[in-house]
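Colleague: This is what each chain is made of:
Protein chains: 2
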Amino acid sequence: MPGGAGVAHRHRDTEPRAAVATDVQPEHLPAPAAGLDESPCAGPAASAGDVVARHLHHQAATFLRALGLRAEDEREADRLLLHSARRIRAALHTYGPLTDPLWAEPLCSELRWLSETLSREHQHAARLDRLSAALHRLAAGATGPRATEDSPAPGPVAMGAARAGALLERQLTLARNRAHSAALQALGSSRFHALADAVAVLASEVPLAAAAAGPACEGLVPLADQAHRRLAEAAAALPLTRAGLPYNADTVQASLGPDLTGDLQDAPWHQVRILLRLSRYAHEVYPGGTGAPHDRLDEAARMLERHRESARSASAAASAARTPRIAPATAYALGILHADQRREVEAARFAFARLWQRSEHAGAS
Amino acid sequence: MPGGAGVAHRHRDTEPRAAVATDVQPEHLPAPAAGLDESPCAGPAASAGDVVARHLHHQAATFLRALGLRAEDEREADRLLLHSARRIRAALHTYGPLTDPLWAEPLCSELRWLSETLSREHQHAARLDRLSAALHRLAAGATGPRATEDSPAPGPVAMGAARAGALLERQLTLARNRAHSAALQALGSSRFHALADAVAVLASEVPLAAAAAGPACEGLVPLADQAHRRLAEAAAALPLTRAGLPYNADTVQASLGPDLTGDLQDAPWHQVRILLRLSRYAHEVYPGGTGAPHDRLDEAARMLERHRESARSASAAASAARTPRIAPATAYALGILHADQRREVEAARFAFARLWQRSEHAGAS
Numbered sequence: 001m002p003g004g005a006g007v008a009h010r011h012r013d014t015e016p017r018a019a020v021a022t023d024v025q026p027e028h029l030p031a032p033a034a035g036l037d038e039s040p041c042a043g044p045a046a047s048a049g050d051v052v053a054r055h056l057h058h059q060a061a062t063f064l065r066a067l068g069l070r071a072e073d074e075r076e077a078d079r080l081l082l083h084s085a086r087r088i089r090a091a092l093h094t095y096g097p098l099t100d101p102l103w104a105e106p107l108c109s110e111l112r113w114l115s116e117t118l119s120r121e122h123q124h125a126a127r128l129d130r131l132s133a134a135l136h137r138l139a140a141g142a143t144g145p146r147a148t149e150d151s152p153a154p155g156p157v158a159m160g161a162a163r164a165g166a167l168l169e170r171q172l173t174l175a176r177n178r179a180h181s182a183a184l185q186a187l188g189s190s191r192f193h194a195l196a197d198a199v200a201v202l203a204s205e206v207p208l209a210a211a212a213a214g215p216a217c218e219g220l221v222p223l224a225d226q227a228h229r230r231l232a233e234a235a236a237a238l239p240l241t242r243a244g245l246p247y248n249a250d251t252v253q254a255s256l257g258p259d260l261t262g263d264l265q266d267a268p269w270h271q272v273r274i275l276l277r278l279s280r281y282a283h284e285v286y287p288g289g290t291g292a293p294h295d296r297l298d299e300a301a302r303m304l305e306r307h308r309e310s311a312r313s314a315s316a317a318a319s320a321a322r323t324p325r326i327a328p329a330t331a332y333a334l335g336i337l338h339a340d341q342r343r344e345v346e347a348a349r350f351a352f353a354r355l356w357q358r359s360e361h362a363g364a365s
Numbered sequence: 001m002p003g004g005a006g007v008a009h010r011h012r013d014t015e016p017r018a019a020v021a022t023d024v025q026p027e028h029l030p031a032p033a034a035g036l037d038e039s040p041c042a043g044p045a046a047s048a049g050d051v052v053a054r055h056l057h058h059q060a061a062t063f064l065r066a067l068g069l070r071a072e073d074e075r076e077a078d079r080l081l082l083h084s085a086r087r088i089r090a091a092l093h094t095y096g097p098l099t100d101p102l103w104a105e106p107l108c109s110e111l112r113w114l115s116e117t118l119s120r121e122h123q124h125a126a127r128l129d130r131l132s133a134a135l136h137r138l139a140a141g142a143t144g145p146r147a148t149e150d151s152p153a154p155g156p157v158a159m160g161a162a163r164a165g166a167l168l169e170r171q172l173t174l175a176r177n178r179a180h181s182a183a184l185q186a187l188g189s190s191r192f193h194a195l196a197d198a199v200a201v202l203a204s205e206v207p208l209a210a211a212a213a214g215p216a217c218e219g220l221v222p223l224a225d226q227a228h229r230r231l232a233e234a235a236a237a238l239p240l241t242r243a244g245l246p247y248n249a250d251t252v253q254a255s256l257g258p259d260l261t262g263d264l265q266d267a268p269w270h271q272v273r274i275l276l277r278l279s280r281y282a283h284e285v286y287p288g289g290t291g292a293p294h295d296r297l298d299e300a301a302r303m304l305e306r307h308r309e310s311a312r313s314a315s316a317a318a319s320a321a322r323t324p325r326i327a328p329a330t331a332y333a334l335g336i337l338h339a340d341q342r343r344e345v346e347a348a349r350f351a352f353a354r355l356w357q358r359s360e361h362a363g364a365s
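For the protein sequence lines, the chains are A and B, in the order given. The opening position of the first sequence corresponds to residue 1 in the working numbering, with each subsequent residue numbered one higher. The opening position of the second sequence corresponds to residue 1 in the working numbering, with each subsequent residue numbered one higher.
If you're looking for bench data, these hints aren't it; they were derived computationally from the structure. On a predicted model such as this, the values are computed, not experimentally measured, just so you know. Check each hint, because a few of them may be wrong.
Okay, the calculated beta carbon distance ranges per label pair [claimed, not checked]:
# : chain 1 : residue 1 : chain 2 : residue 2 : range
1 : B       : Ala-133   : A       : Glu-360   : 31 to 37 Å
2 : B       : Glu-76    : A       : Arg-137   : 28 to 34 Å
3 : A       : Pro-324   : B       : Ile-274   : 43 to 49 Å
4 : A       : Leu-102   : B       : Ala-133   : 41 to 47 Å
5 : A       : Glu-360   : B       : Gln-226   : 46 to 52 Å
Here are some of the chain B residues that sit facing chain A, going by a computed Cβ distance under 8 Å [as the list claims (entries may be wrong)]:
#  : residue
6  : Cys-108
7  : Ala-140
8  : Pro-246
9  : Leu-256
10 : His-294
11 : Leu-297
12 : Pro-328
The beta carbon of each residue, even a glycine, is placed where N, CA and C say it ideally should be.
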């Protein structure tokens, strides 16, 4: 078991739980930090470096186990690889001052490359699912008993919807297959083998900086708080008051504007999504510090995930509409689909704004 | 002054106010009933027939004055014609049991024909304004400084939006011109002259039923209450709880379904709009009875007016998209525009549901 030998003497008691924790959803708080749940600054003083190293050992072990799993269950293996790669990267990012920067920075950028390569296939599949479901919903009533009575043959609009669905399926399945090949190629590359070697090292030892020798509480809380603060600041800069007004129509404004408008408008929300993830992962490493309650962060993360997925699905519909020589009815259906997904973007912002403002008020009172 | 001689001895005091009242917006409570505002069942007992006849005299006088105004100010004349025709029809409908049905029913159907003929031109113009404004809003950012920097030439999407705008302008201007010709033709027809003669009779005498001889309070309140009750029942049958959930996406479901789905879904809301108008006009004749506060009904009426206008604008975008040989980019823009207007339909339902449920709760407490 890679890395196990080096750390077993320090936290033998947490080993069985750690083995279980890798089976749970990525949203779950992993086991290693659970022992610190009550009053993190009291008790036998673990050093800040110990806590970070323990987390990294655990994630690296998951990463390596996922590699072994690939032959049996590719999907689950990829999920675990992503799960641990994201957490290692986040820990190195948030608790960076505690580790050797010359070692951490290149590892971070390689993990980022791996995450992006691996997640792309799943993203294309999820986008196709989302757009197919939306088309189905938008054409609702087409299958109702009353509708079939009155219109036995599908009209041009229904034909357009069907063709739009077929076009999206063709384009996104192609993109998905390409992403799958790219992921396979990446996993067989020497670049990946070098990364796996670096993670294997991480499973037994973590190059720490001098600052990591201090007590966990003093070393970790300020860094975690910094992550929470960055999130709070970025969220406060969002137009939350406006987004909290239902049907403000902000997100559709970009629909017929230049391509860039939508991206510019969405970017701050995507940024908050990333900071939210960093804040949640920082909390997994060390549950002390300030920051919003964990369950509310999970909910907020789901909303911003929906925000991103809707925004990207809207873009996919828009780029499908740019396919040369499509029928006007197909383009019409794609226009409706695009606007529908932008409405979903607006709905996600509304839900996030309400949740965030509620938790702000709860925090203030 | 037609009709003035027959009624002047009964309400000489209200004449100057009545002359002013025709200049105000149709939403305003007209003057004739104002004297009954306090405690309608007390005071010198006017008969139910007196009250209805006074209202009809006043509206008929407005109608006839509007005819004289046509040479000077066609727009204002049409507005006044519509204003009085709608109120005469509503009064004959709500307080029907007080008038001679053999006379009232054919008059009602002729007034309906006139209202529809006259309002069509304005509706096409308003629809074009609404759709042009929506297209402008959807293409927002296209004129921003940052956008022009990055994309000096308009992209295919902006071209599509411009073409969609031109197509709608062409189609709706044509429809508007046709409606204008039809209105002119109608106003010169013998059918209209017969109607104007009937209204001229109404300005001096109203054929009343025997039931109209009783006191105003006993004769009018039950009939007005019936109108208010019909409204309350129809509104209660609407899916208000669902509509009060923001972003429920109900109204866009019909976008890619068969044409009928949208109409079926919208019909109960349009019906409530009509009942709301009848309830408001019944209140203008006789401000007693139950029913929601007048200002809230006005607000609710504006919301359902917006509901109807958005629904019809969405249909106009959809039928423009069925124009043969349009470019896919034009169809795409029309699809987005259609979905945008259906989103407006949803927003109007949301606002109405919130208002109505609030006034229900206020009424219950």
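Colleague: If a hint holds in the structure, say so; if it doesn't, say that too.
Modeller: Outcome of the hint check:
1. Restraint check, B:Ala-133 to A:Glu-360: a C-beta distance of roughly 35 Å satisfies the suggested window 31 to 37 Å.
2. For B:Glu-76 and A:Arg-137, the Cβ-Cβ distance of about 46 Å falls outside the hinted range of 28 to 34 Å, so the restraint is violated.
3. For the hinted restraint 43 to 49 Å between A:Pro-324 and B:Ile-274, the CB-CB distance of approximately 48 Å keeps it satisfied.
4. Between A:Leu-102 and B:Ala-133 the beta carbon distance is about 58 Å. The supplied range of 41 to 47 Å is therefore violated.
5. One distance hint, 46 to 52 Å for the beta-carbon pair A:Glu-360 and B:Gln-226, holds here, with the actual separation near 50 Å.
6. Taking 8 Å as the C-beta contact cut-off toward chain A, the hint placing B:Cys-108 at the interface is violated, the least distance being around 31 Å.
7. Because the smallest distance between the Cβ of B:Ala-140 and any Cβ of chain A comes to about 4 Å, under 8 Å, the interface hint for this residue holds.
8. For B:Pro-246, the suggested interface contact is upheld, since its CB lies about 4 Å from the closest CB of chain A, less than 8 Å.
9. Hint on B:Leu-256 holds. Least Cβ distance to chain A is approximately 4 Å, under the 8 Å limit.
10. With its C-beta approaching chain A no nearer than about 26 Å, B:His-294 sits outside the 8 Å limit, and its interface hint is violated.
11. For B:Leu-297, the suggested interface contact is broken, since its CB lies about 22 Å from the closest CB of chain A, more than 8 Å.
12. Restraint check, B:Pro-328 versus chain A: the minimum CB separation of about 4 Å is within 8 Å; hint holds.
Figure legend: structure checked against the earlier numbered hints; hints not met, in rising order: 2, 4, 6, 10 and 11.
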